[in-house]
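Participant: Fit chain Y to the known structure of chain G by using the hints.
For the record, the sequence lines run as chains G and Y. Numbered according to the working numbering, the first sequence spans residues 1 to 167. Numbered according to the working numbering, the second sequence spans residues 168 to 334.
Be aware that one or more of the hints could be misleading.
[Claimed, not checked] Each computed DSS-like pair below joins lysine-lysine, with the alpha-carbon atoms no more than 25 Å apart:
| hint | chain 1 | residue 1 | chain 2 | residue 2 |
| --- | --- | --- | --- | --- |
| 1 | Y | Lys189 | Y | Lys330 |
| 2 | G | Lys44 | Y | Lys325 |
| 3 | G | Lys44 | Y | Lys211 |
| 4 | Y | Lys211 | G | Lys158 |
| 5 | G | Lys44 | G | Lys163 |
| 6 | G | Lys22 | G | Lys163 |
| 7 | G | Lys18 | G | Lys158 |
| 8 | Y | Lys325 | Y | Lys211 |
| 9 | G | Lys18 | G | Lys163 |
Everything labelled a hint here was simulated from the structure, so no lab data went into it. Note that this is a predicted model, so its numbers are computed, not measured.
Protein chains: 2
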Amino acid sequence: MTHNDIYPTSMATEIERKFLVKHDGWRSLGRGTPYRQGYLVNQKGLAVRVRIAGEQGYMTVKGATVGVSRLEYEYPIPLSDAREMLDNLCEPPILEKIRYPIVIGSLLWEIDEFLGENQGLIVAEVEVTDENQAIDLPDWIGEEVSYDPRYYNANLVKFPYSKWSEI
Amino acid sequence: MTHNDIYPTSMATEIERKFLVKHDGWRSLGRGTPYRQGYLVNQKGLAVRVRIAGEQGYMTVKGATVGVSRLEYEYPIPLSDAREMLDNLCEPPILEKIRYPIVIGSLLWEIDEFLGENQGLIVAEVEVTDENQAIDLPDWIGEEVSYDPRYYNANLVKFPYSKWSEI
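With the rest of the complex left out, here is chain G:
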């Protein structure tokens, strides 16, 4: 789901594949939009996220996976409300990243370049409709991390990339 989905929507199956990137070959392919996001709730089975994407606020509720789909609801909200909630109601720290949407063939890649406590981490995501769908991987795509929970945005808030080396 991108920040262009401005209408309230509940989503059926959402399969996202996530990769690290090997080099900066993607940088010339898209323009970035700054994102700030935090969580009012961030627990197993339920997340309520507040996001600012560019100049638009969003509130998103994500539920547990039920069958093959995850309940997800996203609503546009006023920028000023989103700012107030991020500053006053969300658990710190606030996740900051620049998102670069890049269309290659029929696929929309979203490159997230993280800032703040997650600086140094760059992740590429693509949404597919079928887990076994073949994907043409651009040459800047590296290791797949789809199933590594450390890379979930909700977890990058709790345990940011800069602290991974401390284990």
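Facilitator: For chain Y alone, coordinates are given in the frame of chain G:
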């Protein structure tokens, strides 16, 4: 805040006075709308409420009191989304009540007749701008319970009226 406030809004000072009712004299004065509401989060300092008022869904975020005001944000959402969230994501039980808006003079009274596990409880609320504002109390108004936390809707979910006698 009533279900007629359909625009996203953050509120400044909200002072609500709450009373029990002595008799049914209010019943002929207004028509009721069924409400169902539940909480995605319901903790000290933060509540995220999902409400259906008549045929309209709402999502409301309420923060802690900061100074004299409480951060509050309410957004209309599709009825089907609200139903799904109440059925799948909110902590049971779901609070059910019939709300009767009644205008007397310049004041809007809201009578909440609770159902389900809170059946038997009827509460009248009025919003004022100043704690010391004089109010003409209708003759069906009984004991004031503004400062009794048992009557907070958020608490009526956790500890419903029907169980109060068990203490």
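Participant: Does each hint hold? Answer for all of them.
Facilitator: To see whether the hints hold, each was checked on the structure:
For the hint pairing lysine 189 of chain Y with lysine 330 of chain Y, the CA-to-CA distance comes to about 21 Å; that is within 25 Å, so the pair holds. At most 25 Å may separate the alpha-carbon atoms for a hinted pair to count; lysine 44 of chain G and lysine 325 of chain Y meet this at roughly 21 Å. The suggested pairing of lysine 44 of chain G with lysine 211 of chain Y holds, with an alpha-carbon distance near 20 Å, which does not exceed 25 Å. Using a Cα cut-off of 25 Å, the hinted pair lysine 211 of chain Y and lysine 158 of chain G holds, with the two alpha carbons roughly 21 Å apart.
A threshold of 25 Å between alpha carbons decides the hint, and for lysine 44 of chain G with lysine 163 of chain G the separation of about 22 Å falls inside it, so the pair holds. With a CA separation close to 21 Å, the supplied pair lysine 22 of chain G and lysine 163 of chain G stays within the 25 Å bound. With a C-alpha separation of about 19 Å, the suggested pairing of lysine 18 of chain G with lysine 158 of chain G holds against the 25 Å cut-off. Of the supplied pair hints, the one linking lysine 325 of chain Y and lysine 211 of chain Y holds, its CA atoms being roughly 13 Å apart against a limit of 25 Å.
Between the alpha carbons of lysine 18 of chain G and lysine 163 of chain G the distance comes to roughly 21 Å, so the proposed pair stays at or under 25 Å and holds.
Every hint from the earlier list agrees with this structure, and none is contradicted.
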